[in-house]
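Chemist: The listed protein sequences derive, respectively, from chains F and C.
Residues in the first sequence are numbered from 1 upward in steps of one, following the numbering used here.
Residues in the second sequence are numbered from 1 upward in steps of one, following the numbering used here.
In case anyone wonders, no lab produced these hints; they're calculated from the structure.
Please note: incorrect hints may appear among the correct ones.
Claimed, not checked - Cut-off 27 Å, straight-line C-alpha distance, at most; resulting in silico cross-link-like pairs (DSSO-like, lysine-lysine):
#, chain 1, residue 1, chain 2, residue 2
1, C, 46, F, 400
2, F, 73, F, 62
3, C, 46, F, 62
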Amino acid sequence: MSADLDRIFRQEAGRLVPYLLRRLGPRHFDLAEDAVQDAFVEALRHWPLRGVPDDPRAWLLKAAHRKALDRLKRAATAERHAHLLDEGVSTLALEPSRDLPDEIAVLLLACHPSLPREAQVALALRTLGGLSTPEVARALLISEAAAAQRIVRAKREIGREGPAPVREVDLDARIEAVLEVLYLVFTEGAHATEGDAAVRATLVGDALHLASLLAASPATARPRVHALLSLMHFGASRLPARVSDLGELVLLEDQDRSLWHAGHRARGFHHLAFASVGRDVSRFHLEAGIAATHAEAASVSATDWPRILSLYDEMMARYPSPVVALNRTVAVLHVHGAAAAEDALQGARRDPSLALYAPLHATAATIAARRGDREAALRRMEQALLCPASAPLRRFMERKRREWSAEGG
Amino acid sequence: MNQYTLILRDDPEALARISPSEMEAIVARYVRWREDNATHVTGGEKLADGTGLVLRRRGGAGLEVSDGPFIEAKEVLGGFFFIRAESLGAARAIAETCPHLEFGSIELRLVDPTD
C-alpha cells in the first residue's frame, strides 16, 4: 500500500456521493450516502488482505455502484430505479445538455433557495466535503445535534422538491448561493486556529476545489466566480504566515511575507484577471481587489492603502455591513491617521451586532493606542477580552494588554 | 518457525459507524503494520460476503443445507492472515498491533506443524 491513500476516503466520499445522487435523484440522499459507506467498509475489509488495487478510485466507484444497486434491490424499487444508474443518465437538476461535474450539480442542488444558509453549508460539507456529521459539527463549532438537525432538514426539503431542472434565470441566483456557501466554508477553514485544526484546514482545500470546478465549467463560470477564487487563493497564500510555529497569531503587519505561498498568490492574480472581464462588480470582486493590493506589497508600509480605502468605500456603498465598516477603519488609520480612524470607528462601535465581536474592541484599542490614549486602549482591550475568541487570539490580546499596562510604569 | 493463523471476525456495527477520515487512519495503520511485519505476514485471504452454505448431517435425516455463514454471534468471519513466528508469544505481539482490532476480533491459532 502506498501513501497515496492519504485522504482518499474523504475525497472519494465527496465525489462518489454526488455521483450516485445525481443518478438516483435527490430523494435518495440517504441511500447514496449509505452505499458509499458500504463501499468504504468493503475496501477496509478487502484491501488489507488482498492488497490495495492499482486504481483505488476506480475500485471504490465500482463498489459504490454495486452497493447502491444492492440497496435499491433491498428497497424493492429496483425495477423502477436500477436503470438510473446507467452511465451518463442524469436525472438531477440541470438539463442533460449541460456538461457539469457531478459535484457542481449536487452543490447547486444543495444550495436550494428554500434552505437557510446554515443548512446549505452543513449539507455541502457533508455531501461534498465527505465529512461525517460529528466532523461537520466540529467544523462549524456547533453541537452534533444541531449539525444533524440541519442536515436532516436540508435532505428532507430537497427530497420533497424532487429533480427539477434549474432554469437559466434561476441558475444565476443558485450560483450566487453556492458562492456564498463556498466563501463561508473557506472562511471557516481559514480560521484554523479554532476547534479541531485538522478538520478545519481541509475546508480551505474543499472550498478551493469546488470553486475551481465552478470556474472550469462553461455553464457556471462567471467573472464573480473567478473573483471568489482569486480571493480564496490570496487568502490561502497568507495562511502559512498567519500562525507562528508556537501557535501564536501573527498580525498582517508582523507577518513574514516570504512565507506567503507563491503558487496561491500567482493563482490569485491569474483569476483576478479573469474576474476583471465585463462590468460585474460583486462583493467578491472588491474583496479580491483588496487582497491583491496586499499581495502586491512587500510590506505593510509599502501597501497602497489609498487604493484599499477606496475599495472599502465602494464596498460600503454597495455591500455595507458592520464588519466591512470595521475593516475600513484600519484602512482609514493607514491613510488618514488615528484621529480620522477614531471617527470612522464610531458607527461600528455603536452597532449592537458587534457588541461581542472581539476584533471590534481590539481594533478600537489599537486605534486608541495610536492616538496615544493608553487608558482608552486598555479599557477597550479589557472589553475585547470579555468576548468569545480563539485561544491564539486571546493570548494575543492578553499580550497587548500587558504591553500597554507595562508602558504605564 | 511456526505458522499461525489470524482468524478475523468483523463487528458490523463498529464498521458502520466509522467515518471516512477514521478509515483513512486505519488504512494508514495497516500500511505501517504490513511494513513493520513484512517478514512475518506471509499472506491473507478474504472471504466473500453473502455467499456460503452451512452443511450438516443430522443423524438419519440426511444432509441439511442452509444459507451461511453462521451469524449467531454479531461477528462475521471475514478473512484470515497467515503469519510466521517463533512462538505464540511472538505471534501474539504481532496480532496485538493489527488494525483489524479497531473493528473486530482476532482469533490466533497455531497451524499444526506437519511433522
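Chemist: If a hint holds in the structure, say so; if it does not, say that too.
Modeler: Hint by hint, here is what the structure shows:
no.: 1; hint: 46(C) <-> 400(F); verdict: violated (61 Å)
no.: 2; hint: 73(F) <-> 62(F); verdict: holds (17 Å)
no.: 3; hint: 46(C) <-> 62(F); verdict: holds (18 Å)
Hint 1 from the list above is the single one not met by this structure.
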